[in-house]
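A.B. asks: Spelled out, the chains give:
2 protein chains.
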Amino acid sequence: MILVNGLATDQVLACDRGLLYGDGVFRTLVMRDGRVNSWKRHYAKLDSDCSALEISCPDEEFFLRDFSVISQAEREGVLRITVTRGESARGYAIRENNPVTRIVSLSGLPHFGNSMLADGVHARWCKIRLGLQPRLAGIKHLNRLENVLARLEWKDISIFEGLICDERGYVIEGVSSNIVIRQGNAFYTPDLSKCGVAGVQRERLMEYVHPGIKVLDILPDMLMDADEVMICNSVIGLLQVRELEGRTWVKGEATQELRRLLEGEDEI
Amino acid sequence: MILVNGLATDQVLACDRGLLYGDGVFRTLVMRDGRVNSWKRHYAKLDSDCSALEISCPDEEFFLRDFSVISQAEREGVLRITVTRGESARGYAIRENNPVTRIVSLSGLPHFGNSMLADGVHARWCKIRLGLQPRLAGIKHLNRLENVLARLEWKDISIFEGLICDERGYVIEGVSSNIVIRQGNAFYTPDLSKCGVAGVQRERLMEYVHPGIKVLDILPDMLMDADEVMICNSVIGLLQVRELEGRTWVKGEATQELRRLLEGEDEI
Chain A
1 MILVNGLATD QVLACDRGLL YGDGVFRTLV MRDGRVNSWK RHYAKLDSDC
51 SALEISCPDE EFFLRDFSVI SQAEREGVLR ITVTRGESAR GYAIRENNPV
101 TRIVSLSGLP HFGNSMLADG VHARWCKIRL GLQPRLAGIK HLNRLENVLA
151 RLEWKDISIF EGLICDERGY VIEGVSSNIV IRQGNAFYTP DLSKCGVAGV
201 QRERLMEYVH PGIKVLDILP DMLMDADEVM ICNSVIGLLQ VRELEGRTWV
251 KGEATQELRR LLEGEDEI
Chain B
269 MILVNGLATD QVLACDRGLL YGDGVFRTLV MRDGRVNSWK RHYAKLDSDC
319 SALEISCPDE EFFLRDFSVI SQAEREGVLR ITVTRGESAR GYAIRENNPV
369 TRIVSLSGLP HFGNSMLADG VHARWCKIRL GLQPRLAGIK HLNRLENVLA
419 RLEWKDISIF EGLICDERGY VIEGVSSNIV IRQGNAFYTP DLSKCGVAGV
469 QRERLMEYVH PGIKVLDILP DMLMDADEVM ICNSVIGLLQ VRELEGRTWV
519 KGEATQELRR LLEGEDEI
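Top to bottom, those sequences are chains A and B.
In terms of my numbering, the first sequence has 105 at position 105, counting the first letter as 1, and numbering is strictly consecutive.
In my numbering, each residue's number is its place in the second sequence (first place is 1) plus 268.
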């Protein structure tokens, strides 16, 4: 089911700036039993991402109304929210007070199975390097060709995720996940101030884990030497990377613990 | 008028990867008297941009058929061709042999007036710096948020174009144009191997001008010291920059000559 500005349709205008220029932002979130996990946090991030691009974020109530309509048909699934700068005449210039486009769609929840949750996943290194763009870093915007090209690098279905470095060689993220590593009692996550997407589950972990997760420039060697490597996003929650280009890890207790933290109710 | 995969409609599927991820490429070209300028060159560039993203470019005949349909309704205007990787399930992964989406739209030709052609335009420096991404450099893809943010930097309608540097400080392009400068008898254009869009009119100039246009890393100071600064794209052709942040230039003869070169028939 797809709602575009509240109306059930699977179409958008061909002159929407989301399509013309990737001029918009999005979020991916999970609905279970008609409820959206961590909604307040997702909305805050959507609003802040919109602001960073000078897009006027629709009021929360519009999304809540969309969720209510959708949940009358389906009680669970993966929601994608997209907000674009709206339709446009030709050219980059933007009209004052251009109405934005709001798209909310629901698709089926992927089923990972208990073994993936318990046993973790295989990952690989992607060859593409992320460019540095502080003005867009952290934002979940619609300019995702780097992630698309990274995902094109493999077809082996036993590989669950590809890890990507930036042009300086620092580890930044998975194609569709954030990365947390454990070294002894310390947790680290890549600095996303120059590129990458700062996800909501990473943000939750940074709040929940005591005494915190340190933001750091992480080289691939440091990740390979880590005691545990974890990837997270709103759909998978948290998974352990158990194999990465020949390096294997034993089942990690921290992963289990952090996953339980994310599975708990979000206080926000 | 808009044709999506040959059908007259102003809508595309909301699950098109062009909208979801900016996963596609585009071209802007001019139709006059039902004929498309430099079509062979544009198609070659479209095909090469598609290849760079591993998108299968539709055969030329599909576009020619679209042009024929459009030109029965309107004889002149600005055509925008968009090719996306097509519709998609959720997630970055791509299905084998996914049919691409082909969008051709026509909008009115802007009227620049003789004074702009003769007297040139005012430009400004944009604050945003382009990130470096060799994998996407030169390609006219749909990930254009940097250009959108650059265009957001000014509202003064007397400013026609904004010039953008990359993160290293080199001049790269205008928001929607390429740059050529003249220093004495020598012509230079920025190196676009790390970022920027390599346009068809720049390519034509590089072929037409003898003994050639040198591709160079150009710092803003060098541009400010140039004898002539020109911007080009398929819609404006070639215009002289006559004022840039207080620096003014007298009317340049090279601009007139290069514009005539572009107005001539494209041999290709």
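Just so you know, not all the hints are guaranteed correct.
Restricting the straight-line Cα-Cα distance to at most 20 Å, the calculated cross-link-like pairs of lysine to aspartate or glutamate (EDC-like) are [as the list claims (entries may be wrong)]: (1) Lys423/B with Glu54/A; (2) Lys127/A with Glu322/B; (3) Lys313/B with Glu471/B; (4) Lys395/B with Glu435/B.
One-sided excerpt, in silico: chain B residues whose CB lies under 10 Å from chain A [stated by the list, open to error]: (5) Gln279; (6) Gly286; (7) Arg295; (8) Arg353; (9) Ser426; (10) Tyr456; (11) Asp459; (12) Leu460; (13) Lys462; (14) Met474; (15) Glu511; (16) Gly514.
What the simulated footprint calls covered on chain B by chain A, stretch by stretch (three residues with Cβ under 8 Å from a Cβ of chain A suffice, anywhere in the stretch; the number is not a length) [what the hints assert, rightly or not]: (17) 325 to 339; (18) 354 to 361; (19) 406 to 413.
Just so you know, the hints here were simulated from the structure itself, not pulled from any lab data.
Heads up, the beta-carbon is just placed ideally off N, CA and C, and yes, glycines get one too.
A.B. asks: Hint by hint, note whether the structure agrees.
C.D. replies: Structure-based check of each hint:
The straight-line distance between the Cα atoms of Lys423/B and Glu54/A is roughly 14 Å, inside the 20 Å bound, and the hint therefore holds. Distance restraint check for Lys127/A and Glu322/B: the Cα-Cα separation of roughly 16 Å lies within the 20 Å cut-off, and the hinted pair is therefore satisfied. A distance of roughly 10 Å separates the Cα atoms of Lys313/B and Glu471/B; the hinted pair therefore holds under the 20 Å criterion. As the CA atoms of Lys395/B and Glu435/B are separated by approximately 11 Å, the hinted pair is consistent with the 20 Å bound.
Taking 10 Å as the C-beta contact cut-off toward chain A, the hint placing Gln279/B at the interface holds, the least distance being around 4 Å. Proximity of Gly286/B to chain A holds as hinted, the smallest CB-CB distance being about 5 Å (cut-off 10 Å). Hint status for Arg295/B: violated, given a least beta-carbon distance of 12 Å to chain A, over 10 Å. Given the 10 Å rule on beta carbons, the hint for Arg353/B holds: about 8 Å separates it from the nearest Cβ of chain A.
With 10 Å as the threshold, the beta carbon of Ser426/B stays out of range of chain A, its nearest partner Cβ sitting at about 14 Å, so the hint is violated. Look at Tyr456/B: its Cβ only gets to about 24 Å from chain A, farther than 10 Å, so that hint breaks. Given hint, Asp459/B at the interface with chain A, is violated; its Cβ is 16 Å from that chain's nearest Cβ, farther than 10 Å. With a least beta-carbon distance of about 14 Å to chain A, the hint placing Leu460/B at the interface is violated under the 10 Å criterion.
Because the closest C-beta pair between Lys462/B and chain A is about 9 Å apart, less than 10 Å, the hint holds. Taking 10 Å as the C-beta contact cut-off toward chain A, the hint placing Met474/B at the interface is violated, the least distance being around 24 Å. The beta carbon of Glu511/B is not positioned within 10 Å of any beta carbon in chain A (closest approach about 19 Å), and the interface hint is therefore violated. A cut of 10 Å between beta carbons decides the hint on Gly514/B: the least distance to chain A is about 23 Å, and the hint is violated.
Residue count for the stretch 325 to 339 of chain B with a Cβ under 8 Å from a Cβ of chain A: 0. That is fewer than the three needed, and the coverage hint is violated. Residue count for the stretch 354 to 361 of chain B with a Cβ under 8 Å from a Cβ of chain A: 5. That meets the three needed, and the coverage hint holds. A count of 5 residues in the stretch 406 to 413 of chain B with a Cβ less than 8 Å from any Cβ of chain A is obtained; the coverage claim is therefore met, three being the minimum.
Against the hints set out earlier in the document, violations occur for numbers 7, 9, 10, 11, 12, 14, 15, 16, 17.
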